[in-house]
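Quick note, the sequences are listed as chains A and B, same order.
Going by this note's numbering, the residue at position 52 of the first sequence is 52; the numbering climbs one at a time, nothing skipped.
Going by this note's numbering, the residue at position 338 of the second sequence is 338; the numbering climbs one at a time, nothing skipped.
Wrong hints could be hidden among the right ones.
Unchecked claim - Label pairs and their in silico Cβ distance ranges:
1. A:Glu-300 - B:Glu-62: 56 to 66 Å
2. B:Glu-244 - A:Glu-300: 46 to 56 Å
3. B:Ile-202 - A:Ser-229: 49 to 59 Å
4. B:Thr-137 - A:Pro-318: 33 to 43 Å
5. B:Lys-129 - A:Ser-229: 30 to 40 Å
6. A:Val-301 - B:Arg-139: 32 to 42 Å
7. A:Ile-202 - B:Leu-131: 23 to 33 Å
8. B:His-243 - A:Gly-232: 57 to 67 Å
9. B:Leu-131 - A:Lys-199: 33 to 43 Å
10. A:Glu-168 - B:Leu-131: 49 to 59 Å
11. A:Pro-318 - B:Lys-129: 35 to 45 Å
12. B:Tyr-201 - A:Ser-229: 42 to 52 Å
Stated by the list, open to error - DSS-like cross-link-like pairs, simulated, lysine-lysine; straight-line CA separation at most 27 Å:
13. B:Lys-65 - B:Lys-126
14. A:Lys-8 - A:Lys-199
15. B:Lys-286 - B:Lys-397
16. B:Lys-65 - B:Lys-30
17. A:Lys-257 - B:Lys-129
18. A:Lys-257 - B:Lys-126
The set of hints was computed from the structure by calculation and includes no laboratory data.
Idealized CB from N, CA, C, for every residue including glycine.
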Amino acid sequence: MTAQVPTKTTYREAVRVAIREALQRDERVFLMGEDVGRYGGCFAVSKGLLAEFGPERIRDTPLSESAFVGAGIGAALGGVRPIVEIMTVNFSLLALDQIVNNAATILHMSGGQFNIPLVIRMTTGAGRQLAAQHSHSLEGWYAHIPGIKVLAPATIEDARGMLWPALEDPDPVLIFEHGSLYNVEGELAADAGTIDICKAAIRRPGTDVSLITYGGTLARTLQAAEALSSEGINAEVIDLRTLRPLDSETIVASVSKTHRAVIVDEGWRSGSISAEITARIVEQAFYDLDAPVARVCSAEVPMPYAKHLEDAALPQVPAIVASARRLVSGHE
Amino acid sequence: MSEFRMPSLGADMEAGTVVEWRVHPGDTVKRGDIVALVETEKGLIEIEIFADGVIESLVVPEGEKVPVGTLLAVVRDEGKPPPAVKIEPVKAEPRAPAPTEAPPTAMVPPPPAALQRPRVSPLARKRAKELAVDLATVRGTGEGGAITEADVERAAGRTAAGAPAPAAVPPTTAAADRLAAMRKAIAAAMARSKREIPHYYIGTHIDMSQALAWLTEENLRRPVTERLLYSVLLLKAVALAVHEVPEMNGLWIDGAFRPGTGVHVGVAISLRQGGLVAPAIHDVDKMQLNDLMRAMLDLVKRARTGVLRGSEVSDATITVTNLGEQGAETVFGVIYPPQVALVGFGRVIEQPWAADGMIGARPVIAASLAADHRASDGHRGGRFLAAIDRLLQEPEKL
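Put together the whole structure using the sequences plus the hints.
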């Protein structure tokens with residue numbers, strides 16, 4: 001065996017490699033979505049795949065999210081393993097009926113006869129000056145729905161390693177790729193394997209406060225933890241990775257150790273996944289809390305287009321640092 | 001159907017022991033009836049009921065110590081049949097052994113006292129219980145002064161290094177226990193007062209010659225048993241002065257002043273065995289001096305024999321402390337929270353007094369006001385003392 005040298009890659013490349021590997025590994029797997037073929041994907045994730053696998057397995061669809069998600073459900077019922085790409089979460093609202101009313105319920109409605117082994121990938125999040133209609137972070141909404149799994153790969157390893165277990169899952173899995181992550185560069189072990197898609201990851205161990213986040217805000221949360229360490233505050237950073245099912249065990253174990261929690265979520269605060277996490281902490285770790293649970297979320301406004309306003313609306317490092325400092329030392 | 005619960009008889013009460021039930025299931029009760037005798041740090045208190053009805057069941061047996069707010073009895077509305085479901089008497093949890101029993105704190109604020117609850121993190125509360133730390137003694141360093149785990153640990157370290165452990169205290173008699181409990185209750189209430197209430201103090205000297213002369217004449221006409229003491233004049237004058245400066249009469253709760261619904265004057269009574277209580281006489285402003293005198297004597301007697309009523313212990317809206325003839329010249333009082341004012345009177349002293357260009361010897365009393373600066377300012381406090389002075393110059397109108 002030759003030594004495995006980590007390769008320098010990007011998040012985009014890691015997603016592509018994962019799709020490519022799945023297509024090679026299982027001939028039932030195919031990719032379909034808007035512009036995934038000839039254009040190479042709106043975010044260039046599927047570039048080159050049409051040439052390699054042909055139009056049967058890399059299928060361009062009309063601009064009709066409801067129709068092609070429905071087709072994906074039908075295909076999954078028919079015994080193949082579709083990866084449906086919805087360009088962004090914003091457009092997934094057109095397919096809500098297929099996802100929530102069909103994909104999530106058919107196993108139940110058929111008395112357990114028909115499961116839906118469907119994977120839906122989509123881009124999520126703000127931060128790229130795409131304004132109010134193209135900047136949603138609605139993965140928390142989907143995490144409300146029983147019958148589906150909701151993944152949010154925040155690292156290159158997870159982008160590489162989550163797709164295969166998602167395809168192997170007998171039920172629908174939604175994967176949310178934050179739009180700001182595609183260009184992130186990093187190293188990936190040549191033998192990087194698959195990921196346990198039901199388990200949160202401790203990205204940085206700490207003792208004084210748990211910073212709980214996922215997806216697009218992980219990097220900023222890690223920066224905040226770094227800044228806090230220079231003040232003598234040792235923060236633990238949890239990357240949820242999976243929003244449904246939520247890994248309460250890891251969250252509760254961490255908060256029981258640090259006694260303080262800050263949840264960083266790009267979603268709006270009201271009725272968000274951050275609210276659910278707060279509730280679980282209070283339900284399961286109340287007597288271990290030494291300070292109220294704090295949240296750093298997006299401002300509850302339609303996402304502004306102007307750069308400075310968009311920055312102001314999103315969770316940023318100083319706000320995370322200030323919240324953590326307030327919980328640990330009693331002042332911001 | 002209504003529920004009769006262990007009342008809070010003041011800021012510092014955590015729990016009470018039902019010593020005796022004065023009613024039985026099936027008895028008809030009226031609002032104000034005394035239904036039970038309860039032992040607290042302040043001694044035995046007769047507890048009144050606040051609803052009319054028929055006692056359905058007594059939930060807590062005699063001899064049981066239960067926290068404030070615990071259901072004591074169920075009262076059925078009169079004329080209604082008993083319910084189908086029987087309420088089982090609850091057994092109170094077995095009492096914890098003495099060393100782990102947390103000392104009473106001034107901080108368990110059940111309604112209706114509804115006092116400001118201290119900010120204590122759940123973890124700090126748990127640790128305080130484990131380490132037997134009195135949260136009233138802990139200074140919070142968390143957000144908004146919240147007490148955190150670290151604060152409790154610090155306090156526990158301090159205690160361990162300082163005072164001897166409670167277990168080292170030799171066994172004491174029940175009376176000494178009660179005295180110690182009362183001392184603790186006073187300590188908690190007074191510490192809280194000084195910690196939370198920004199006191200301001202003002203004082204004035206009041207010429208008592210008119211009042212005492214009127215009193216002497218009045219008493220000559222009265223049989224010995226009905227004679228008045230000058231302290232009733234002081235009480236009445238304070239109660240009437242409240243009408244002119246109402247912000248002295250009431251409670252400071254949750255960051256706001258709540259005016260008293262009546263003028264219920266707490267009378268500070270020192271007990272022979274040591275300690276102090278300040279039970280209230282209700283609606284002093286509306287009482288005749290005769291009735292006030294009787295109420296005061298009755299209150300002092302019952303306070304000293306140790307049986308007060310719940311409403312007396314918890315209802316005061318302002319307190320008067322009168323050092324009397326043996327006392328010092330001036331008193332600077334500590335407000336009983338959540339009240340906002342305490343009026344103090346020293347000993348009556350004959351001293352030179354200038355009036356109308358003449359100097360003469362007059363009986364003079366030093367009146368002082370300790371008031372909560374959150375609820376009132378010194379200017380109003382001054383008007384209040386001036387009103388008391390003016391009222392005492394016309395004793396026949398009191």
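27 Å limit on alpha-carbon distance, applied to hinted pair Lys-65 of chain B and Lys-30 of chain B: At roughly 25 Å apart (the allowed maximum being 27 Å), Lys-30 of chain B and Lys-65 of chain B satisfy the hint.
Pair hint Lys-8 of chain A and Lys-199 of chain A, alpha-carbon separation not exceeding 27 Å: holds (26 Å)
Assessment of proposed distance window 30 to 40 Å (beta carbons of Lys-129 of chain B, Ser-229 of chain A): holds (33 Å)
Pairwise beta carbon distance, Ile-202 of chain A to Leu-131 of chain B, judged against the given window 23 to 33 Å: The hinted range 23 to 33 Å holds for Ile-202 of chain A and Leu-131 of chain B, with Cβ atoms some 30 Å apart.
Outcome for the supplied range 32 to 42 Å, where the beta carbon pair is Val-301 of chain A and Arg-139 of chain B: About 40 Å separates the Cβ atoms of Val-301 of chain A and Arg-139 of chain B, which means 32 to 42 Å holds.
Consistency of beta-carbon spacing, Gly-232 of chain A to His-243 of chain B, with hint 57 to 67 Å: At roughly 59 Å between Cβ atoms, Gly-232 of chain A and His-243 of chain B fall inside 57 to 67 Å, so the hint holds.
Restraint check for Lys-65 of chain B with Lys-126 of chain B, where alpha carbons must lie at most 27 Å apart: holds (22 Å)
33 to 43 Å as the expected CB spacing between Lys-199 of chain A and Leu-131 of chain B, which holds or is violated: holds (36 Å)
Given pair status - Lys-397 of chain B, Lys-286 of chain B, alpha carbons within 27 Å: Roughly 13 Å between the alpha carbons, so the hint for Lys-286 of chain B and Lys-397 of chain B holds.
Whether the CB-CB distance between Tyr-201 of chain B and Ser-229 of chain A falls inside 42 to 52 Å: holds (50 Å)
Hinted pair Lys-257 of chain A and Lys-129 of chain B, Cα distance within 27 Å: With a Cα-Cα distance of about 19 Å, the restraint between Lys-257 of chain A and Lys-129 of chain B holds, given a limit of 27 Å.
Range hint compliance [Cβ, Pro-318 of chain A to Lys-129 of chain B, 35 to 45 Å]: holds (38 Å)
Every hint, counting from the list given before, is met by this structure.
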